[in-house]
Amino acid sequence: MSYNNLGKKLKDVEISIPIVYGNVAFWLGKKASEHQSHKWTVYVRGATNEDLGTIIKHAVFQLHSSFNNPTRVAESPPFELSESGWGEFEVSITLYFHSDVCDKPLNLYHHLKLYPEDENSSMSTKKPVVVEFYDEIVFPDPSEAFLARVQNHPAVNLPRLPAGLTLPPSIPVEDASK
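For the sequence shown, the UniProt record's numbering begins at 1 and goes up steadily by one.
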């Protein structure tokens, strides 16, 4: 990763960003058209709904080729896309980061789920289908500018010890009485 003129890189420091990506889908009921049976939203968000705009510049959602304009861009938070349709397919989500964060995009893949997993359960207009995955984006050796911007951001896990400070080696349990 290069951080052109964005401050020095901090060695031996990692920033971990917990995220959730997935979809929520609502069945529109028996009166919905055959090709517009569900309303759905696919998204990337902070693990506890934090604003990821300090890290992510924009997100690109690649839908099935049957959609008009299948490449959609979310230029700012919330990084999500809502549509309607009838079929399940893989959505490619490409995250582009601010220049002081990372110069390489991150690709995520999510299978859009519209129908309940349990074949015996009936579809309901009141109960959505929700499929989410938890992950963490780890940025090793961040720039000073990036670290300064996210230090107080609740979506970011920072090392508990200052850089360069390490704990003494752990003592095996059987030797703890010494």
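In case anyone wonders, no lab produced these hints; they're calculated from the structure. No residue lacks a Cβ here, since even glycine has one placed at the ideal position from N, Cα and C. Be aware that one or more of the hints could be misleading.
Okay, derived cross-link-like pairs now, SDA-like style, lysine to any residue, Cα gap no bigger than 25 Å in a straight line [stated by the list, open to error]:
1) 113 with 36
2) 8 with 104
3) 30 with 89
4) 39 with 11
5) 11 with 140
6) 127 with 8
7) 127 with 86
8) 30 with 128
9) 57 with 10
10) 30 with 104
Label-pair restraints from in silico Cβ distances [to be verified]:
11) 8 with 68: 45 to 55 Å
12) 127 with 99: 17 to 27 Å
13) 82 with 117: 19 to 29 Å
14) 120 with 53: 40 to 50 Å
15) 11 with 109: 27 to 37 Å
Hint-by-hint comparison with the structure:
1. For the suggested pair residue 113 and residue 36, the alpha carbons sit about 14 Å apart, so the restraint of at most 25 Å is met.
2. Proximity of residue 8 to residue 104 is assessed by CA-CA distance (about 18 Å); at most 25 Å being required, the pair is judged to hold.
3. Between residue 30 and residue 89, the direct Cα distance comes to roughly 22 Å. Compliance with the 25 Å bound is thereby established for this hinted pair.
4. Restraint check for residue 39 and residue 11: the C-alpha separation of about 46 Å exceeds 25 Å, so the hint is violated.
5. Restraint check for residue 11 and residue 140: the C-alpha separation of about 8 Å stays at or below 25 Å, so the hint holds.
6. As the CA atoms of residue 127 and residue 8 are separated by approximately 50 Å, the hinted pair breaks the 25 Å bound.
7. For the suggested pair residue 127 and residue 86, the alpha carbons sit about 17 Å apart, so the restraint of at most 25 Å is met.
8. Restraint check for residue 30 and residue 128: the C-alpha separation of about 15 Å stays at or below 25 Å, so the hint holds.
9. For the suggested pair residue 57 and residue 10, the alpha carbons sit about 22 Å apart, so the restraint of at most 25 Å is met.
10. Between residue 30 and residue 104 the alpha-carbon distance is near 45 Å, which puts this suggested pair outside the 25 Å criterion.
11. At roughly 46 Å, the beta carbons of residue 8 and residue 68 sit within the given window of 45 to 55 Å.
12. One distance hint, 17 to 27 Å for the beta-carbon pair residue 127 and residue 99, is violated here, with the actual separation near 42 Å.
13. Distance hint check: the CB atoms of residue 82 and residue 117 are about 22 Å apart, consistent with the given range 19 to 29 Å.
14. Between residue 120 and residue 53 the Cβ separation comes to about 42 Å, which falls inside the hinted range of 40 to 50 Å.
15. Against the hinted window of 27 to 37 Å, the Cβ-Cβ separation of residue 11 and residue 109 comes to about 32 Å, which satisfies the hint.
Violation of the numbered hints given earlier is confined to hints 4, 6, 10 and 12; the remaining hints are satisfied by the structure.
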